[in-house]
Structure formats: C-alpha cells, structure tokens
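Following the hints, position chain B against chain A.
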Amino acid sequence: MNAVFEQIFQVGFLAAIIRIATPLAFATLGEMISERSGVLNLGIEGIMLLSAMTGFTAAYYSGNLWVGVIVAAATGALMAAVHAVFTVGLGLSQHVCGIGITLFCTGLAYFLFRLLFQDSSNPPTVTSFQSLAIPFLSSIPIIGQAVFNQFTLTYIAMIGVPVIAFALYRTPWGLNLRMAGENPHAADSAGVSVKAVRFQAVVLGGAFMGVAGAFLTMAQFNTFTFGVISGRGWIAIALVVFGRWDPLRCAGAALLFAFIDAFQLRLQTAGVGHVPYQVFLALPFVFTIIAMAVMSRNASAPPALLKAFRKEER
Amino acid sequence: MSLPIIEMRAISKRFGALLANDNVSLSVAPGEILGLLGENGAGKTTLMNILFGVYISDGGSILIDGKPAQIHNSADALNHGIGMVHQHFHLAPRLTVIENLLVGTPGKNGQLDIAGAKAKLKNIERDFGLKLNPDTLVASLAVGEQQRLEIIKALFRDARLLILDEPTAVLAPPDVDGLFAALRAIAAKGLGIIFISHKLNEVRALTTRCVVLRHGRLAGEVPKPAAASARQIAELMCGHEIVPPSRPPANPGKPVLQLENISTSAHAGAGLKNVTLEVHAGEILGIAGVSGNGQKALADVISGLLNPKAGTLKINGQTVSDISPRQVQAMGLGRIPEDRLAAGLVSNMSLAHSIALPRIGQAPFSRQGLLQSGAIAEFAKDQIKEYGIQCQGPDVRTGTLSGGNLQKALLARELAFHPKVLIVSQPTRGLDVGATHFVYEKFLSLRASGCGLMVISEDLEELLTLSDRIAVLYEGEIVGLVKSENATVSRLGLLMNGAREQAA
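Sequences listed follow chains A and B, in order.
Mapping to the numbering used here: the first sequence position 247 is 247, numbers consecutive.
Mapping to the numbering used here: the second sequence position 26 is 26, numbers consecutive.
Treat the hints as calculated values from the structure; they're not laboratory data.
By construction, the Cβ of each residue, glycine as well, lies at the ideal position given by its N, Cα and C atoms.
Check the hints yourself; a few may be wrong.
Claimed, not checked - Pulled from the structure, derived: some chain A residues nowhere near chain B, Cβ distances all over 10 Å:
(1) Val286
(2) Ile290
(3) Ser296
Said to hold, decoys possible - Capping the alpha-carbon separation at 25 Å, the derived lysine to any residue pairs in SDA-like fashion look like this:
(4) B:Lys120 / B:Ala181
(5) B:Lys108 / A:Tyr169
(6) B:Lys118 / A:Thr171
(7) B:Lys120 / A:Arg170
(8) B:Lys118 / B:Ala182
(9) B:Lys120 / B:Val143
(10) A:Lys311 / B:Ser347
(11) A:Lys311 / B:Asn73
(12) A:Lys311 / B:Gly60
(13) A:Lys311 / B:Ser350
(14) A:Lys311 / B:Arg14
(15) A:Lys311 / B:Tyr55
(16) B:Lys108 / A:Arg170
As the list claims (entries may be wrong) - Over the 12 Å line for every Cβ pair with chain A, so calculated as not near, a few chain B residues:
(17) Arg9
(18) Ala119
(19) Lys199
(20) Ala205
(21) Lys254
(22) Glu338
(23) Gly361
(24) Ser373
(25) Lys381
(26) Gln392
(27) Lys442
(28) Glu477
Looking at chain A on its own, in the form it has when it is part of the complex (with noise of 0.2 Å):
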C-alpha cells in the first residue's frame, strides 16, 4: 500500500491537481459571478461545450491557440446574453431558459462540428498549450515545480481568483453586482440599473465558463469530442454551493474537487486489488453529493436568486 501511496504523491499529482482544477475554477467562478447578481446560469453545460467547440475550430483554422481561447470566450458571452435577454430582460424563468441554453448550445455544438470536420474517422487536432515555466519560482522544490511550471491559462485563473474578489468586494461594480443578488429594490432606490448590473455579470460569468471549455480542447487535451465537458459544468454549479458564492472558497472547491479527481486517476493506473475502475470514476462525484448535503445545511444563497426583478412588484 504504501508503493502506491508513494507512486501517487509527488510531484506530478500536485500539478496534475492544478492542471485539473484550472477548467473547473473558470466555470465555477463564471457561475458564481452570474448567481452572485442573482442569476442562475443552468446554461454552463451547452456553453462550455459550444465555446470549447468554437475555441478549438477556430484555433485549428487560424493556428493559432490565443486566437481560439477569445473566440471561445466570445461564444461564451454571447450565449450567456441570449440567457440574460430571457431571464433579466424579459424576467423568465431561469431554470427553464438555463436548460434551453445547454439543449441549444448542445444541439449545435453537434451540428457544426459534423459539418465542418466530416471525415470523422480522422479527428483535427492542434499543437495544444505548452506548460510555461517561471523563472525562479519553478525552480522551488516540488510547491515551485507543481505550481509555476503551468497552462498560461492556469496562471491566469490563479490571478483572476483575488482580482474577482477584489472587484467584488472592493469596487462600487462589485458592491452593486452583489446588492443586485441581495435586494434588486435597494439597487434600484439607489439609482442603479439592477438590469444592467445582472445583463454585464452574466455575460462576464459566460465569458469564463467559455473560457472553461477553451482550455479543455487547448490545454488539456488537443482537440474537440463529444464528450469533452462530461458534466463539468453541472459540477461546477455544484462547487459554486461548496464554496458558498465566495471567490476564494469556490477556488478551493475547484481544487478540493481536482484532488480527488486526480486521486481516483492514479488510484486507476496504480491499480489497487481487483477494484473496478469505475468505482474510482466514481469518487469525485460521490464526493459532490456528500459535500453538497453537509455543506447545502449552512449555505446561504443570494436571496434574490432566481427572481426576477421588475420596478413596481413587492
């Protein structure tokens, strides 16, 4: 037991763990921006694969991955404005309007990547990311090799963690996004748009899940399947929860949840006895069902969440 103990924590595993970790904490911080303002953006699923299928397609025409990531991010913010044109400008249902966003979003994710790669038994790739290594700070034993020898992308998420919160907490942008998600009718007598302020959050919140899905076809892997976003995105709603729609602590979910995904992968290759792989597939998801049931008891959502604003109702 102890080989394989060994075999696991090195290194490699704590990379792996923020390599893993990177989509998530895009996703869940878009997520978490959106529902902060008040908007639940049931959408994340369609949009990260959609943006992941743009981001790659255009990657792979223009070569060049940088080119990629924005279109994706663009995607991203587009399909989250359809979202806000329906729930903040016309007040609908947010759980409806989310789901039909990732039936649309996957339906066409589909649609035109048949018809744009028809040979389908040679799938297109590209060069993926390269890690990118920090001078100095790459040379730290095993924290510095883990942590700054990463996807561009990955120090970007790691960077964007406090300045979310920063923005957040500390801007008037911030204080009003909030008050939006907290009581639309104080953000409104104080003379903000509570319509603006949740139509731009949750537009940014989409520009990170496409994002999200840029890096899966970009860095993590080199191209485009059907199966690339694999429940990602409903896991990261999930995390949102777990981290109690605070930026920091939606980064450490992200993390917590990479852990264990990491884990359960070496545990299958280290092979322990004759347990089914499945069962260590498995773990990462069971862990989000019991975190959610401990955690969901004290966790306290915005309060405006899932309604709609409009001026003259009480």
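For chain B alone, kept in the frame of chain A given last:
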C-alpha cells in the same frame, strides 16, 4: 417665504381606467414637515413614486429650486436631492451598514470609498444625532435601527427632501418618539420632509402643514395640523361626516367559546398559562396586552393551529376533541389572522381562490373532487360587490390588494359562512379611517346578530370602542378581566405591565 425645495404642479397620472392623480399640486419649503394624508388608494403613493422616478406623470411638471426638472428614474431623483424611505425597507440584510450606504455611489480611484463614507457617517451623526455602527450587519439591526439606516441612506446621498412612506407603521411607540426627534432635527437644518401616514395623532404632533388627497385629487389643506382636531382631518380624508360607531348594550347569550385551564408551550412570545376565558353569543371580548405576551398562542390554539399542553377548548358548548383548523372551522369558528397575507390569504393566488380556500373541498366550490370555477368566481364576485373590495375582479392576484381591501376580503370569506364565533387579531392595523370604520361596523352588526367575537389588539382605543369586556394578557396569564365601562386606558396600561386585579 423662501423658495420651495420642490414644487409639483398639476400632476396627473392614469393607470388604464383609473385616474390615480388628477391635477395635484403641492410644494415643500425648507424646514417644512409636510403631512400627506389620504385613504388607501387616494393616490399618495403614486404621487410620491412620480417624485422618485418610479412612474412618469402623464401631465404636469416638477420644479426643484424653482427650475423645471425631469425625473425618469431613481438615479435622477437622487441627483436632485430627493430621498425616499420606503415602508418596506430597501436594505440588504447580509451586507454591512456601510455597504448598504455605498450602493450606487461612485468610487474613488475605482474602489469603494469606505474611509470617506465613514467620515460622512460621522458628520451625519453630528448634524442630526443619527448613529449607527458602520460595520454592523444589517440583519442584526432592530427594526427602528433599520429605519434609521434608511434615513441615513437618504442623507448620505445628500437628500434635501425626504419622503417617508408610513414610517411609523412598523415601529413600537418608543421608537416613534426617536423618529420624530430625528425628523425635527433634520427639518431644523433646512431640509424638507414629506410625511405620509394614516395616524392622525402623529400627523398632528409632527407636521407643520398637511395636504389631503381624496380619489386622486387634492381635497384640502390643513395649515396648522396641531390646531385641527383628528376628526376634522379624518372627515377631510373620507369626504363625509364620521359617526363614531355606537355600541348598544350587550345582550349576551350562552357561551360560544370556552377555554378551560389552557396551557401551551412558548409560541412566538409567551405561552399560555392556565388560561380560562369565555366568549358569549352577542358579545365582544377584547384581549389587551403588550405584544409577545401570549396573544399569538391564544389565537393559534383557538384557530386549531397550536395544540395546548393542557386544558379544554369548547366551541358552541362542545369540546373540541381533535384541535385542528378543519375541526374548529367545522364547529363554527371564523378567524381573521394578524398577518393577512402570511396566515390569511395567499399572495400568489387569485382573489377568488384565496376567498374560497378554507372550503375549497366542499360544495359548491368543488363537486366529485373537481373545482367548480364558475361557482368560485360567482362567490368572489358577490363578495367583491357586497364588501366594496376595490380590485379589478375575481381573477386579480391577491397580493396586489391594499391592506384595507385584504381585510375586507378576509371578512367576506369568514362572514359568508355565518360563524358562531369569530377570532380576530389586530383587525385595523395599517388600515385607513374609512376601512377601520367599515371593519367596526361589521363587527358590531355581527355581535347584534348573535355571534361571539374575540378581538386581540394592541390599540387600546380600539378595544374600548368595541369590547363589552376586556381581558389583559401578561406573560401568558390573564391578569385582569374588566367590563369596558369600568376600563380606562391607564387602568389597562397598568394591567398590561403586570399589575394584578380581581376578576370583574
């Protein structure tokens, strides 16, 4: 006289067929506390919402410091120095005091200007005596403090005119004194205040001038409210003479509601301790007491919502074996709860369904397990007509009705089935003069028809007007039971604070 801070000229606003404001003009000078009076639906709130940019008027103009102003949203209103304290607070309980103040303000170098805000809060404390700890969570503030925060919020945005929409409706009496002191201090600094209220005594005590709206029009002005009588102002509000309700001598019959040695666990305040009470047919028994002394437990036991630990409940002479809402209702009990929307009607249902709800499973409202929409709507239409409930029709969402109309709907629902005994809590809270009068008349005619009533109220004047006998609750016990001709406000006040008396 100095130039008014604000002047509204010939304002009109129409909602469909309803003319909510018709050619209304008013002005507020610096240092003035203007009372804005009117019954529910008289157009006060509409007028103030026009001033605060929630609605845009169809006609007329607004002048600020003598110059025409366009107010299209709350941001415009704030920029013009108009601050509004809503009746339902517009605060975020999970944010701190200072965060609630900073919402909607521009930052400094892209950041929230917390230091600047705290300094400004200190100035407000110095100038107006309004004090709050900036780092407290709003959820931990008492109601009076939350209201203070709303006022500070307006001052924080440099309001020169403060609109307060029924600010005393949510306050306990000591907090009302504090509010008035603060408002006088604010007016003394040259700010203008518009004070909306139903409570005529408060308006007479506080305001320097009053205007009265009726059916959307300006009905009159009271230049010196302190010198006018409450009755004069009330008559201006409802447009006709007010005859105080007369209570002919009681003609009590057999007991229709009996509580024998009932005790309960604590329940939203004190539980009941060994309470024995009787209400006779054709009698109104008042229940006085400071809130939280067992009123809620008393009402809920009788309504079948709370099972007592000990004791017997009898309705119409029969013991209630299984205390449940369905059982007590079947035995002839009607109830009008304190919170009309939470415990009475259903905000998101149509008025027709709300009214039919307690008997929705019985004929004529349902047959063979199917709802009879026709019968339900028909019943609602009849009640709307008979009780003069102002609404668009049986299909209107219940939550959109005003307090007075909700109370009429509850009365209609309970009285339609001729209860033997009716229990009511705070029957006129938040109601205007006309609606209060209506409720009193209904109670007295019910009494004349032989129904027994138990009226739980914090308003002693109300109890003295209505009741034949008054019982006083203190910490869950009946500490006194007095005939109302022997009762005075001061005697009841003593009992309410725990002095004991022998039963009358």
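Results of checking the hints against the structure:
no. : hint                : verdict
1   : Val286              : holds, 32 Å
2   : Ile290              : holds, 27 Å
3   : Ser296              : holds, 17 Å
4   : B:Lys120 / B:Ala181 : holds, 21 Å
5   : B:Lys108 / A:Tyr169 : holds, 14 Å
6   : B:Lys118 / A:Thr171 : holds, 16 Å
7   : B:Lys120 / A:Arg170 : holds, 18 Å
8   : B:Lys118 / B:Ala182 : holds, 20 Å
9   : B:Lys120 / B:Val143 : holds, 23 Å
10  : A:Lys311 / B:Ser347 : holds, 18 Å
11  : A:Lys311 / B:Asn73  : holds, 10 Å
12  : A:Lys311 / B:Gly60  : holds, 23 Å
13  : A:Lys311 / B:Ser350 : holds, 21 Å
14  : A:Lys311 / B:Arg14  : holds, 18 Å
15  : A:Lys311 / B:Tyr55  : holds, 10 Å
16  : B:Lys108 / A:Arg170 : holds, 11 Å
17  : Arg9                : holds, 24 Å
18  : Ala119              : holds, 17 Å
19  : Lys199              : holds, 22 Å
20  : Ala205              : holds, 28 Å
21  : Lys254              : holds, 45 Å
22  : Glu338              : holds, 19 Å
23  : Gly361              : holds, 30 Å
24  : Ser373              : holds, 25 Å
25  : Lys381              : holds, 25 Å
26  : Gln392              : holds, 15 Å
27  : Lys442              : holds, 27 Å
28  : Glu477              : holds, 38 Å
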